Amino acid sequence: MSDLDHLNWLPVSLISVSLPSFFLVGIQARDQANTLLTELESLKQQLNNARQEKHRTTVENGEPQSETQGSTATTVTTDLEASEADTSETAGKAVSNGNRDSALEELRSKLSQAEERIHEMEANMSETQAELQRARQRERLNEDHSSRLTATVDKLLLESNERLQTHLREKMASLEEKNQLNTELDRLRRVLETCQSERDRAVSDVERLRRQMLASTPTSSYQGKHRCCGLLLY
Numbered sequence: 001m002s003d004l005d006h007l008n009w010l011p012v013s014l015i016s017v018s019l020p021s022f023f024l025v026g027i028q029a030r031d032q033a034n035t036l037l038t039e040l041e042s043l044k045q046q047l048n049n050a051r052q053e054k055h056r057t058t059v060e061n062g063e064p065q066s067e068t069q070g071s072t073a074t075t076v077t078t079d080l081e082a083s084e085a086d087t088s089e090t091a092g093k094a095v096s097n098g099n100r101d102s103a104l105e106e107l108r109s110k111l112s113q114a115e116e117r118i119h120e121m122e123a124n125m126s127e128t129q130a131e132l133q134r135a136r137q138r139e140r141l142n143e144d145h146s147s148r149l150t151a152t153v154d155k156l157l158l159e160s161n162e163r164l165q166t167h168l169r170e171k172m173a174s175l176e177e178k179n180q181l182n183t184e185l186d187r188l189r190r191v192l193e194t195c196q197s198e199r200d201r202a203v204s205d206v207e208r209l210r211r212q213m214l215a216s217t218p219t220s221s222y223q224g225k226h227r228c229c230g231l232l233l234y
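Just so you know, we're using the UniProt record's numbering here: the sequence shown kicks off at 1 and counts up by one.
Hints in this document: simulated from the structure, not taken from any laboratory. Keep in mind that this is a model prediction, so the values were computed, not measured.
Here are the computed distance ranges between Cβ atoms for each label pair: (1) Q137 x A50: 44 to 52 Å; (2) S112 x A151: 57 to 65 Å; (3) D186 x R211: 34 to 42 Å; (4) T35 x L157: 54 to 62 Å; (5) S102 x K44: 12 to 20 Å.
Below 25 Å or equal to it, Euclidean Cα-Cα: the simulated DMTMM-like pairs (lysine to aspartate or glutamate) are: (6) K44 x D101; (7) K110 x E53; (8) K54 x D101; (9) K44 x E116; (10) K110 x D31; (11) K54 x E41; (12) K171 x E184.
Where a beta carbon is used, it is the ideal one built from N, C-alpha and C, also for glycine.
With the hints as extra help, turn the sequences into a complete structure.
Okay, structure coming up:
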């Protein structure tokens with residue numbers, strides 16, 4: 001496995017998450033983006049190194065050709081052998097250059113994929129941040145609503161308590177007044193009973209005196225009648 005193969009595990013997009021895990025997703029997305037940026041720099045460095053290696057190889061390929069052209073004074077056999085050797089070496093280096101070109105193309109492809117993934121991660125992070133902002137706004141609205149509701153409930157409870165206290169005071173005053181009226185009524189009843197007893201006693205006395213007058217002598221009947229009338233009038 002090459003140093004770049006571990007980029008393939010990165011997700012294409014973030015999955016939808018619930019509100020309590022938004023912060024965790026944002027941190028994970030940020031860490032993944034930082035990792036991608038670091039590996040992108042590594043890819044760029046490897047690409048530059050590969051280009052320099054290709055340039056150095058191209059320069060090295062040119063040097064044997066110059067030396068071959070400068071040795072035309074040698075023998076024909078030596079020229080043929082040198083030409084064959086140069087041809088074999090050039091063919092081998094061409095194959096090596098083809099492999100390097102393929103590696104460069106692969107690096108460019110992976111670099112492009114990494115950049116696309118970084119853009120996707122940035123878009124997902126922006127969407128997550130927007131969702132977090134909306135969630136914070138909803139939370140603030142809920143807190144404001146809860147505060148207003150709590151204040152309203154407290155006010156209603158206070159008003160209800162005041163009304164209850166007023167009702168209790170009125171009821172206690174009514175009970176006290178009722179007790180006073182009952183006490184006054186009992187006193188008047190006792191006075192009435194006393195008056196009734198005195199009246200009954202007075203009637204009994206009058207009846208007793210009347211019987212005594214009837215039982216007295218005839219000479220004193222006239223005086224008894226006047227005396228009885230006086231007592232009755234009294």
